[in-house]
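Asker: The chain contents come next:
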Amino acid sequence: MSEEIKNFLYLNRRAPYGTIYAWESLEVVLIGAAFDQKVSLAFVDDGVFQIVKGQKTEQIGMKNFSPTYSALGDYDVNQLYVERESLEERGLTVDDLMHLTWEDEDEDWAEKDSIRVVSRAEMAEIITQQDVVFSF
Amino acid sequence: MSDLHTINKSPFEKSSFDSCMEHVLEGSAVLLYEDGVYAALKGTAAEGKVKSVQGVKVYALGPDLNARGLQEERVIDGVEIVDYAGFVDLAAKHDKVVAWV
Amino acid sequence: MAIEVDGKVLETDEEGYLVNLKDWVPAVADEMAKEDDLVLTEEHWEIINFLREYYDEYQIAPAVRVLTKAVGKRMGKEKGNSKYLYSLFPYGPGKQACRFAGLPKPTGCI
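Residue numbers (this note's numbering), protein chains in the order written: chain D, 383 to 518; chain Y, 2 to 102; chain E, 147 to 256.
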């Protein structure tokens, strides 16, 4: 492709299930991943609740889309930035999050972590380095 | 990069304003519109953050202030009021828009 | 729209995908294939079953390039390529195979 590859960041700041934003964001990410751009996700504020492990939605009658985050690696979305302060404010640590990985085809499918916990200051830098930020 | 950050939620109802103020970098700008304009008022709990943010120009959308009965004299000194064309100019002159929705 | 399988009428959307995932039985795939002038072989079923497992694990129907890569990883490069998958599913291995498998239209197919 002759077009320039751009950096796209999806900025997720809302909890799942209460509103449709989290699922909509995930769907847009998966659709957008077809366009050969560099895509990463940021989880800030209540957005960190999207990737908490152990979600069970049977009793609220909604689709549990948390397993879909594990498919992001297949879609070449390998960079999930999670803000440390947002976790701490909510009494969470990285151990409360799903273990999300991607497989590196160039290294015989070696499994690598997708989640990177970053500070608020680092998150501000990550946001400013993008070409495009989509907010959900 | 010099980004335009936009906030359209009341600082008293949502975390959009607080979160934006903690992620905005020097040399960028913040535009308050819709319910975001409540953060532009003097004497609120948000005023301190608007005044103390370093090297960041803050704008408020005039039509949204007027709609809410908020006269110009109630707006924090240093916050610049812009119209829709001003909003467009701001979006155009920055590298990108970061929306805190 | 609808499809009749084993005497039961199952609801489908305007593109022929099953509306209710739970309606699926293997005969659905056979019936849909017949309508597309295909006879399902073991090779087709290998992909259909793979798609169903993928959906079960990730709750999405994979885009065709994701399917191709995943098949390559699981079954080897000789199957994980578009030529092989299109030879099985001429209307598109993502769209057609997902339809046979009772899944929604793939996420990320445009």
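Keep in mind the hints are simulated off the structure, nothing from the lab.
Since the structure is predicted, the reported quantities are computational estimates derived from the model, not experimental observations.
Beta carbons are placed, not taken as given, at the ideal position from N, Cα and C, and that holds for glycine.
Where hints are given, some of them may not hold.
To be verified - Cut-off 25 Å, straight-line C-alpha distance, at most; resulting in silico cross-link-like pairs (BS3-like, lysine-lysine):
| hint | chain 1 | residue 1 | chain 2 | residue 2 |
| --- | --- | --- | --- | --- |
| 1 | Y | Lys43 | D | Lys388 |
| 2 | D | Lys445 | E | Lys241 |
| 3 | E | Lys168 | D | Lys494 |
| 4 | E | Lys215 | D | Lys494 |
| 5 | E | Lys168 | D | Lys420 |
| 6 | D | Lys388 | Y | Lys15 |
| 7 | D | Lys445 | E | Lys168 |
| 8 | D | Lys420 | Y | Lys15 |
| 9 | E | Lys215 | D | Lys438 |
| 10 | E | Lys251 | D | Lys445 |
| 11 | D | Lys494 | E | Lys241 |
To be verified - Only some residues are given here: those of chain D computed to face chain E with a beta carbon under 7 Å:
| hint | residue |
| --- | --- |
| 12 | Gln441 |
| 13 | Met444 |
| 14 | Phe447 |
| 15 | Pro449 |
| 16 | Ala453 |
| 17 | Asp456 |
| 18 | Phe516 |
Asker: Now look at each hint and say whether the structure bears it out.
Answerer: Evaluation of the provided hints:
1. Y:Lys43 with D:Lys388: Between Y:Lys43 and D:Lys388 the Cα gap is close to 40 Å, so the pair fails against 25 Å, i.e. violated.
2. D:Lys445 with E:Lys241: Holds: D:Lys445 and E:Lys241 sit about 22 Å apart, inside 25 Å.
3. E:Lys168 with D:Lys494: The hint is violated at about 34 Å.
4. E:Lys215 with D:Lys494: holds (17 Å)
5. E:Lys168 with D:Lys420: Since the Cα atoms of E:Lys168 and D:Lys420 sit roughly 36 Å apart, the hinted pair is violated (cutoff 25 Å).
6. D:Lys388 with Y:Lys15: violated (31 Å)
7. D:Lys445 with E:Lys168: holds (14 Å)
8. D:Lys420 with Y:Lys15: With Cα atoms ~30 Å apart, D:Lys420 and Y:Lys15 exceed 25 Å; violated.
9. E:Lys215 with D:Lys438: violated (29 Å)
10. E:Lys251 with D:Lys445: holds (16 Å)
11. D:Lys494 with E:Lys241: Since the Cα atoms of D:Lys494 and E:Lys241 sit roughly 30 Å apart, the hinted pair is violated (cutoff 25 Å).
12. Gln441: This hint is violated: D:Gln441 lies away from chain E, its Cβ roughly 17 Å from the closest one there, beyond 7 Å.
13. Met444: violated (12 Å)
14. Phe447: Since the shortest Cβ distance to chain E is 6 Å, the answer is holds.
15. Pro449: holds (5 Å)
16. Ala453: Holds. Min distance 4 Å.
17. Asp456: holds (5 Å)
18. Phe516: With Cβ-Cβ at 16 Å, over 7 Å, it is violated.
The structure shown violates the earlier hints numbered 1, 3, 5, 6, 8, 9, 11, 12, 13 and 18.
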